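Colleague: Heads up: the sequence lines are chains A and B, in that order.
Each residue of the first sequence is one higher than the one before, starting from 17 at the first, in the working numbering.
Each residue of the second sequence is one higher than the one before, starting from 105 at the first, in the working numbering.
A portion of the hints provided could be inaccurate.
When the alpha-carbon atoms are kept at most 25 Å apart in a straight line, the in silico DSS-like pairs for lysine-lysine are as follows [said to hold, decoys possible]:
1) Lys147/A / Lys352/B
2) Lys55/A / Lys178/A
3) Lys317/B / Lys147/A
4) Lys26/A / Lys448/B
5) Lys352/B / Lys317/B
6) Lys246/B / Lys329/B
7) Lys428/B / Lys540/B
8) Lys147/A / Lys329/B
9) Lys352/B / Lys428/B
10) Lys448/B / Lys19/A
Residues on chain B that point at chain A, a partial pick, calculated with CB under 7 Å [as the list claims (entries may be wrong)]:
11) Phe110
12) Thr201
13) Pro202
14) His235
15) Ile286
16) His312
17) Gly314
18) Gly399
19) His415
It should be emphasised that the hints constitute simulated quantities derived from the structure, not laboratory data.
Keep in mind the model is a prediction, meaning the values are calculated, not measured.
All residues carry an ideal CB built from backbone N, CA and C; glycine is no exception.
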Amino acid sequence: MWKQFWQTFKTGIVTRDINLATDQGDVAGLGQELEGKIKRVLGRSAHIRHVDTGSCNACDWEMTALLNPVYDLQRFGFDFVASPRHADILLVTGTPTKHLATALRKTYEATPEPKVVIALGDCACGCGVYKDSYAVYNGISSIVPVDAYILGCPPTPEDIIKGLSKALDRLNKKGGRL
Amino acid sequence: MSWHNFSQEILDKFPGTSLFSRRGNEEYLLVPKTQLTEAAQLLTQSGAVLSTMIATDERPVYGVFRLYYVFSRDEEDRFIILVVNITEPDLTYPSLTPLIAAAHWYEREAMDMLGLRPIGHPEPNRLVLHHEWPLGVRPLRKDFNPALQEEGQKAGGGEHRFREVEGEGRFYVPVGPIHAGIIEPGHFRFGTAGENIVHLEARLFYTHRGMEKQAEGLDFRQGLKLAERICGVCAYSHSVAYCEALEKIAGIEIPVRAKLLRTIFLEMERLYNHIGDVGNICAGTGYAFGSSQGGRLKEAIMHHNQLLTGHRYLRGINTPGGLKSEPPASVLLELPDWLDDLGKEFAQFTEVLLSNPIFLDRVNSTGITSLEAVKELGVVGPAARAAGWSRDCRKIHPHAAYSQVDFSVPVYTTGDVAARLKVRIDEAGQSIHIIKQCLEMLEPGEIAEPLGHLPPYQYALGYAESPRGEDMHWLMTGENNTIYRYRVRSASYTNWPVVPLAVRGNIVPDFPLINKSFELCYACLDR
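Isolated chain A, as found in the complex (with noise of 0.2 Å):
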């Protein structure tokens, strides 16, 4: 057991501090302007579930890192719930099979309002490499309704947790606390 806390011991904090605005520079308030932002809009924390409709993986993938302790998300108030029925945000990553309309269309559904509806990634935003084929539908707008886009193929940690930042402004407007 001494192994383990001594593993633990000498890694120390490894999370990396993030910048909302621009790639570097001022780095201290930002992590703090988003918790603030969550804090206004939704009380006391984000909710975020995850919904797969046919991506490639690297973008669930890219959300499994904002977890590990080098992003680690939860400091500033989000977290990712097992289920619709807890969730403010959908995360949806994948341009929609045909196979998994139904299934994004009844998460939508079992999910209370006020809700935000990100599409992540170039495929869930309609511009993936998968447009047009025969068993997707283009763009997970085609089947709800998106409140926001995070581009990229995959979107990196940073650049999710700037586009969640986006969200919460809009969650805001769409009548979420204040």
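Following the hints, put chain B in place on chain A, whose structure we already have.
Modeller: Structure of chain B alone, referenced to chain A:
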């Protein structure tokens, strides 16, 4: 039995058979439908394994549908491919599944996509196209009309029926396709007795995006972009397999430097996957220390991918004929030291794991696969090596620069979660060893060879050992440097059918752990 003159043996034994074509290590034998089973039997008796099966619609060119059954052996770098012509109106052929279990999905897929009917298949149901699809939708036919599958059309397949589990106290647990975590979609139907899993049926292909059809008609550059997007975490292996198929058709040898760099990137992909997967297996047991350490180390490798190639998933660096650009010299220079540190940190981390009795209690003897099942289903990668089969595409069919580097293939025999975990731990160490050798061998030089104009209707296999096992691609060129047919058989495709077998007899809470120990992609499978 040796494979020396083996194709001649088949030709002599079956008078209707003829040599169809030959390219590099691939020999294509045209077999009459009636002799397919016997020819395949002779091959399996010689120890051959079905690597992949390709079904094509070559009616516009040759007036026939064709099936290509690709066989290979662990002993030599050769492929013997049985080719069968299927002429309209009789679209049936004798199924090989009763003889070779590994053929089961290939033949069902050929039925969905082209309407070719295997006679004697034990389970001739829909696979890739779910039951909602209307009858007569055959996407891979050249005369496929997308308008046929407009919404509102009557579904053709009826209802999907799950296998029934009978007996007192038995009930079903349906899970998915949308799961609780950040996981890809698939539906699992557990038939349970109390906590024990009696039967698991996985209904997959939810993320079927029509990739093979999408590739048809693309030029080679766009085709590469698509190949890199079959899967996120196997992106580079798919890209290498695609490029190697084209390079084989073109008959070019890519520069040594490009080969070495491709090997480095292939191993970087293996490293980030394996180390990340060790963390994920910990997550499957609820061991937060392990998942954090795995996530942290994986992130460091992803960052180096970005530095080396400009992309965290190594996309956009390959080009048919070599590499698009040089990795920065400064990054290459500091890579060996960084790898040493990474190796040390990973070793310290895994030492903690493998000495934790609570963790070991969860992984030991959980989710066992037998060597027989693994061989029968043609399983590849760490899943095969954990069950005692030392099958590794890097050794059997050396691609990139694998013939020039020294490495060992770790094999375990217990076939449980622990074995799959240990295979990954050992392989990560070998990856570091391989990358360092490649770095030492790197000499300045060209990194790409022009592909030139490729003649139409030429075909070849391309392959690469991805982190999940051998990816087998087959590509046929069309007019004006375009793709006529592109078939991708990923490692996940051969390995998925073994998961329900490994799960049987275990408890439901162990399913996520067992599933993670295989770490199969849905995207790779469904395409």
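Colleague: Could you run down the list of hints and mark each one as holding or not?
Modeller: Quick rundown of the hints versus the structure:
Taken as a hint, the Lys147/A and Lys352/B pair is broken in the structure, with Cα atoms around 29 Å apart against an allowance of 25 Å. Distance hint between Lys55/A and Lys178/A is fulfilled; the C-alpha atoms sit about 17 Å from each other, no more than 25 Å. In summary, the hint linking Lys317/B to Lys147/A is supported, as the alpha carbons are separated by about 12 Å, within the 25 Å threshold. The straight-line distance between the Cα atoms of Lys26/A and Lys448/B is roughly 13 Å, inside the 25 Å bound, and the hint therefore holds.
Only pairs whose Cα atoms come within 25 Å are accepted, and Lys352/B paired with Lys317/B is accepted, the gap being roughly 22 Å. Simply put, Lys246/B and Lys329/B have alpha-carbon atoms about 22 Å apart, close enough for the 25 Å limit, and the pair holds. Pair hint Lys428/B plus Lys540/B holds up; C-alpha atoms about 22 Å apart against a cutoff of 25 Å. At roughly 13 Å between alpha-carbon atoms, Lys147/A and Lys329/B fall within 25 Å of each other, so this suggested pair holds.
For the suggested pair Lys352/B and Lys428/B, the alpha carbons sit about 18 Å apart, so the restraint of at most 25 Å is met. A threshold of 25 Å between alpha carbons decides the hint, and for Lys448/B with Lys19/A the separation of about 14 Å falls inside it, so the pair holds. A cut of 7 Å between beta carbons decides the hint on Phe110/B: the least distance to chain A is about 39 Å, and the hint is violated. Checking Thr201/B against chain A by beta carbon gives a least distance of about 24 Å; that is not within 7 Å, so the hint is violated.
Of the supplied interface hints, the one on Pro202/B is violated, with its beta-carbon coming no nearer than about 29 Å to a beta-carbon of chain A, more than 7 Å. Taken as an interface hint, His235/B does not check out: its beta carbon lies about 10 Å from the nearest beta carbon of chain A, beyond 7 Å. For Ile286/B, the interface hint holds, the least distance from its beta-carbon to any beta-carbon of chain A being 5 Å, beneath 7 Å. With 7 Å as the threshold, the beta carbon of His312/B comes within range of chain A, its nearest partner Cβ sitting at about 5 Å, so the hint holds.
Given hint, Gly314/B at the interface with chain A, holds; its Cβ is 4 Å from that chain's nearest Cβ, closer than 7 Å. About 3 Å separates the beta-carbon of Gly399/B from the nearest beta-carbon of chain A, less than 7 Å, and the hint is met. At its closest, the beta carbon of His415/B sits 9 Å from a beta carbon of chain A; the interface hint therefore is violated under the 7 Å criterion.
Checked against the numbered hints given earlier, this structure breaks hints 1, 11, 12, 13, 14, 19; the rest are met.
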